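Novice: Protein chains in written order, with full-length UniProt numbering: chain U, 1 to 467; chain V, 1 to 467; chain L, 1 to 467.
No wet-lab data here; the hints were simulated from the structure.
Hints are supplied without guarantee of correctness; some may be wrong.
One copy or two, either will do: identical chains are not told apart, so a pair holds if it fits within one copy or between any two.
[To be verified] Calculated lysine to any residue pairs in the SDA-like style (CA-CA distance at most 25 angstroms, straight line):
hint, residue 1, residue 2
1, K131, E384
2, K133, D63
3, K287, R20
4, K403, V40
5, K287, E384
6, K287, W435
7, K287, Y181
8, K131, R20
9, K15, T128
10, K344, I28
11, K131, I35
12, K287, N18
13, K347, E393
14, K15, G130
15, K57, M316
16, K57, D67
17, K347, F428
18, K57, T377
19, K131, P24
20, K57, G382
Quick caveat, the model's predicted, so the values are computed rather than measured.
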Amino acid sequence: MGAAQSFRELCDRTKNTNVRLSLPAVCIVWQTAMIILFGVFIRYNEESDTHWVEYRKENNLSDIQNDFYFRYPSFQDVHVMIFVGFGFLMTFLQRYSFGAVGFNFLIAAFGLQWALLMQGWFHSLDYTDGKIKIGVENLINADFCVAGCLIAYGAVLGKVSPVQLLVLTLFGITLFAVEEYIILDLIHAKDAGGSMVIHTFGGYYGLSISWMLYRPNLDQSNRLQSSVYHSDVFAMIGTLFLWMFWPSFNSAITDHGDGQHRAAINTYLALASTVLTTVAVSSLFQKHGKLDMVHIQNSTLAGGVAVGTAAEFMLMPYGSLIVGFCCGIISTLGYIFLTPFMEKYLKIQDTCGIHNLHAMPGVIGGIVGAITAAAATESVYGAEGLRNTFDFEGEFADRSTSKQGGHQAAGLCVAICFGVGGGILVGFILRLPIWGDPADDNCFNDEPYWENFPNIYLSWKLNSLQV
Amino acid sequence: MGAAQSFRELCDRTKNTNVRLSLPAVCIVWQTAMIILFGVFIRYNEESDTHWVEYRKENNLSDIQNDFYFRYPSFQDVHVMIFVGFGFLMTFLQRYSFGAVGFNFLIAAFGLQWALLMQGWFHSLDYTDGKIKIGVENLINADFCVAGCLIAYGAVLGKVSPVQLLVLTLFGITLFAVEEYIILDLIHAKDAGGSMVIHTFGGYYGLSISWMLYRPNLDQSNRLQSSVYHSDVFAMIGTLFLWMFWPSFNSAITDHGDGQHRAAINTYLALASTVLTTVAVSSLFQKHGKLDMVHIQNSTLAGGVAVGTAAEFMLMPYGSLIVGFCCGIISTLGYIFLTPFMEKYLKIQDTCGIHNLHAMPGVIGGIVGAITAAAATESVYGAEGLRNTFDFEGEFADRSTSKQGGHQAAGLCVAICFGVGGGILVGFILRLPIWGDPADDNCFNDEPYWENFPNIYLSWKLNSLQV
Amino acid sequence: MGAAQSFRELCDRTKNTNVRLSLPAVCIVWQTAMIILFGVFIRYNEESDTHWVEYRKENNLSDIQNDFYFRYPSFQDVHVMIFVGFGFLMTFLQRYSFGAVGFNFLIAAFGLQWALLMQGWFHSLDYTDGKIKIGVENLINADFCVAGCLIAYGAVLGKVSPVQLLVLTLFGITLFAVEEYIILDLIHAKDAGGSMVIHTFGGYYGLSISWMLYRPNLDQSNRLQSSVYHSDVFAMIGTLFLWMFWPSFNSAITDHGDGQHRAAINTYLALASTVLTTVAVSSLFQKHGKLDMVHIQNSTLAGGVAVGTAAEFMLMPYGSLIVGFCCGIISTLGYIFLTPFMEKYLKIQDTCGIHNLHAMPGVIGGIVGAITAAAATESVYGAEGLRNTFDFEGEFADRSTSKQGGHQAAGLCVAICFGVGGGILVGFILRLPIWGDPADDNCFNDEPYWENFPNIYLSWKLNSLQV
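Make the full structure from the sequences, and use the hints.
Specialist: Written out as structure tokens, the structure reads:
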């Protein structure tokens, strides 16, 4: 005990978690930069500007045909997923709830501003005046972009400092905007719910970072990487808000009308199916058939990820059920077999199991999307429906659906490459000893970063009862 | 102590809670059946299909006139009520929060698929091709159908196995679809918020099952049927999301335009009124005028139930307040006097008090609906308004409002009969000793069905401090 | 200890917290009065009445152009903010979570009915028949009106009885309706998100009441005015739902089309900016750079308050970021320096720090609104856009924007005067020894007002471990 104690104290001394200079500096400098860049570049678009009144008269529109009314309800649902969904899903650790919900809050608020700029440069730039024109769709896309980084946060939860998270987010948003541009604009793949662009990228980005930041002695020294009763109930708040609002996530930026309608239905069905197979596998692989809260909290969501790309296609209701069926099984098996394997043999410590919830289902979603696109026919979609759904317009006017299938697959590869490559790069940066990350002994613990930490109950619990 | 101990151990031995075979089997078989049936029967309707683009041109509609935009915000609110509302409302028990929110999740995801089929056969069947065509309204109706079973779950909370709950749901959805068809289509009663179809049916269904599953020794052997501080705060999450989104529940499937608008207003007012009388009665009947959390969590919602049928009628704002006023009083008095009476003399153990929150207010709602319908006049509604509100079209074109009042009352009777009859039948099935239900001593306890249960805090609490 | 003990016991004897007569009496009498007044005055408006079918034909409208569809999603978001947002934000105290969320629920349900009447008399009175015609916009305004009183509740949280809160609400709603009429109708100031009307008024109203109810010995006698781990996580539920839905709050009653769209964007941006500067200042002023949960829970919201008035103006995205930037800093500094100063020297005990979250940011919001209005030009807004945004119609048709700026400032003064004056008046009433308020020793404690209080865990914690 004496030797271990002194080793830990040494770690605590070499690992300085004081972020009193770096955290405020990064926040203030960054926010100031944002104000300047927004001042130079960002303006309202024609639907959020006071000139809408003239625009709508010219185009003979009613006020209700402002894009705001098509997308705002879904936007708010997505917003809830980002802040409450991701934030509370990660509160399951007994002593890291502040960090889970608080740092999730910080990096989302930080990231969405940068996302508005980065995505704006690629998608919403008005070449007549060099300004980025934003509306509600940009807000949704910024939330999507942030989601990629929050997924990555799941892999390193409890093991990094807030400054590291801001660096992770800064690079993550940038990489996201570039891969999104390549996948959606250059390759012209479709990805309504971001199976590839968000989940595959975010998943592999986080796993690669976690691999770079591997802590060989983490398990021996840390007793806090588990849940308590109430922290698991808090995590269910996150699970349910993610599960319920996933139809909004996958339909938020799809086409007005049938596109949004169909994407919501497909996602609703895939998620329902996932719950049942998750429960089945969870029960089947535990003694006495007991359910594991980890699976219920996470694997039940895999169907929403996997149906993302194809959500706006004519996947058919039974197709959605099949996707959900498979993903519930695969994701739960991943928690049971793959996560321990990855930690032991691949040196990837994945706190939240994002490989099972985002990376694998994201890849499945990309494949489902490619197959569904390749199998699309005019007899099912109708001529105009096919053109609308796949945006076969302009330079893509004469693309065939089978070719589209190939491009979907190419998009998936790009997402994986950006995730892995970007993660290794950023992981390398995060290994620099300047970011204030905690010692092994302080991982999964709110104390290093939270003042006035009311820890008496918990430390009592830990010390007296040997939990 | 020794004798009691050995009796309990005997119970534990005879009552085997191992569901390792039955639970996965039911889930996998069922989900496979769903995929096949969806493949055969379920397709997108004209508003969620890619052919919408042609449909809307033919009918000279704008994209925003897709039913999706009329109903999707309400749908998501209803979805939150089903999963977070019902789920968290039932977390009040100190040691059954996983079961409350987890099994609620399971049976809702299970039930809504079956509901889409059952309700689809009755309401959305396209006779030209024998397919059920679904859109957002079907998703809402499936959630409604599930609500009936979740209400029933409240009566047996903590006393049944997940397999029993799936059986309860399977039969509950089926019975619901039939009674709904009889009440809404054959009798042509109106029931916007489902006071009769959902709450009366679900309430009596659950109470009858609980009566069939009566456990005479439950009280003596179990110390867990109570709340702790934090579990009561968790339950308030459920209460508030139910309370806030009830206007969406009652307006979700009413007529476009004034119907949805009026239903939301009426429900908002009834609920506000209920809160005040609940507080009044709760305070009046406790010594020192203290409030009881059970009443605040439950009786405050009774007004939303009772205004369900009449929500779309011209109930008038003061009418809504009166309904809420009465229901707050009746429901709270029910918790104080009726629930103990029913347990002692009628052998109905009603864990959540669904009789006070759903069954009684549902019956009141049915009666209010019948009176309001019978009292409807053309001078108040306008000729076209009256026709629209009561759907006096086709074979019902010349029905009078007084006759409609009688049919409303008939609908209420059907709901009660289906609830009681169906509950007795299903309760009989659930008494078979094959479902893995817990012994009396293991009721209201997550341990039999949840792995990795972090129970040290709780068992310490119970054993050392004699809570 | 002996002397202090007996003094406290004396207090407990003189301070009788029994509200068994007063609370039910107030609730029942009040609710009965509401029914009568609603019966006399309140009717549906043309969009929620069955005559809508004729109205829309006359005006050549589609059903989707019913105001319900423009405002209902935002209404529900506001509703969540009022009940879950305010309610859970106040659960941070370790032993006052029932009171926080329960009394918040009570006074909101109580207040919104009175608000419908009071605001209706000023704004929605139909002079042809002397009736108040209500629709969804009235529901939103009632929620807004209630928000003012809930803000005030934050200052006196844990120190007053439920009867006092009902009195506070009764007068608060009344004062609110009058000051709102003066500011919006007579002065014709614009205040989309209520920086002045809601936050400035509510903040100073609460602070003045708290000043009148000053308890000199509160700190010495009370150990409960702090949080525990889980209560801080509960409070984050409130924070996040307020933060996420604030764009809906500020856009809920702005003009259809670009007005709602722009208000949502501005608020989204201001809030994101606030998070970063809050984190920066919180970390900078604590040793080791640790974050303080109090700041994260509260100051992150200040940007939403401060952008309220100008949210619908052409504040520009960078303008919103600047507002948020400043408010995060000011609000956090307020918690660090101003709150202790006010308690010590000004005798204002502000439990939740509403001065930092509502009063100061509200004043800033009023000033920002005045400057933005005064700086508005036709070149930026367009002629028609300027007229629409500032409602320069009727008697205000030829008002200049610089004059409008002056009127905005005048509106701010009115809000402060009503808040301070009204608060002193109501505080005087609340000092009467008839309301059942708790002794100093019972403050921040749920026990006096909540039955069946499961306090064993807490009392054990307090007594055995000297937390």
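Novice: If a hint holds in the structure, say so; if it does not, say that too.
Specialist: Hint-by-hint comparison with the structure:
For a Cα distance limit of 25 angstroms, the shortest separation of K131 from E384 across copies, 23 angstroms, qualifies, whereas the shortest one inside one copy, 33 angstroms, does not. In this assembly of identical chains, K133 and D63 lie within 25 angstroms of each other by CA distance both inside one copy and across copies; the values are 19 angstroms within and 23 angstroms between. Proximity of K287 and R20 under a CA criterion of 25 angstroms is satisfied inter-copy only: 7 angstroms between copies versus 48 angstroms inside one chain copy. Taking CA atoms no more than 25 angstroms apart as the test, K403 paired with V40 passes in neither setting, with 40 angstroms inside one copy and 30 angstroms between copies.
In the homo-oligomer, the alpha carbons of K287 and E384 never lie at most 25 angstroms apart, since the shortest distance is 54 angstroms inside one protomer and 64 angstroms across protomers. In this assembly of identical chains, the alpha carbons of K287 and W435 lie at most 25 angstroms apart only when taken from different copies (17 angstroms versus 43 angstroms within one copy). Proximity of K287 to Y181 under the C-alpha cut-off of 25 angstroms is found in neither arrangement, the shortest distances being 48 angstroms within a copy and 43 angstroms between copies. Taking the shortest alpha-carbon separations for K131 and R20, neither the intra-copy value of 36 angstroms nor the inter-copy value of 60 angstroms comes in at or below 25 angstroms.
Taking identical chains as interchangeable, the C-alpha atoms of K15 and T128 are never at most 25 angstroms apart, the minima being 52 angstroms within one chain and 72 angstroms between chains. Taking the shortest alpha-carbon separations for K344 and I28, neither the intra-copy value of 40 angstroms nor the inter-copy value of 31 angstroms comes in at or below 25 angstroms. When the C-alpha separation of K131 and I35 is checked against a cutoff of 25 angstroms, the pair qualifies only within one copy, where the shortest distance is 15 angstroms, while the shortest distance between copies is 49 angstroms. Taking the shortest Cα distances, K287 and N18 sit within 25 angstroms of each other only across copies (8 angstroms), while inside one copy they are farther apart (45 angstroms).
Proximity of K347 and E393 under a CA criterion of 25 angstroms is satisfied in neither setting, with 46 angstroms inside one chain copy and 69 angstroms between copies. Taking the shortest Cα distances, K15 and G130 never come within 25 angstroms of each other, neither inside one copy (46 angstroms) nor across copies (68 angstroms). Taking the closest pair of Cα atoms, K57 and M316 come within 25 angstroms of each other only across two copies (23 angstroms); inside a single copy the shortest separation is 39 angstroms, beyond that limit. Proximity of K57 to D67 under the C-alpha cut-off of 25 angstroms is found in both arrangements, the shortest distances being 15 angstroms within a copy and 20 angstroms between copies.
Taking the shortest Cα distances, K347 and F428 sit within 25 angstroms of each other inside one copy (15 angstroms), while across copies they are farther apart (54 angstroms). Within a single copy, K57 and T377 get their C-alpha atoms only as close as 38 angstroms, which misses the 25 angstroms cut-off; across copies the closest is 22 angstroms, which meets it. With identical chains, the CA atoms of K131 and P24 are never at most 25 angstroms apart, being 30 angstroms at best within one copy and 56 angstroms at best between copies. Taking the closest pair of Cα atoms, K57 and G382 come within 25 angstroms of each other only across two copies (14 angstroms); inside a single copy the shortest separation is 32 angstroms, beyond that limit.
Checked against the numbered hints above, the structure violates hints 4, 5, 7, 8, 9, 10, 13, 14 and 19; every other hint is satisfied.
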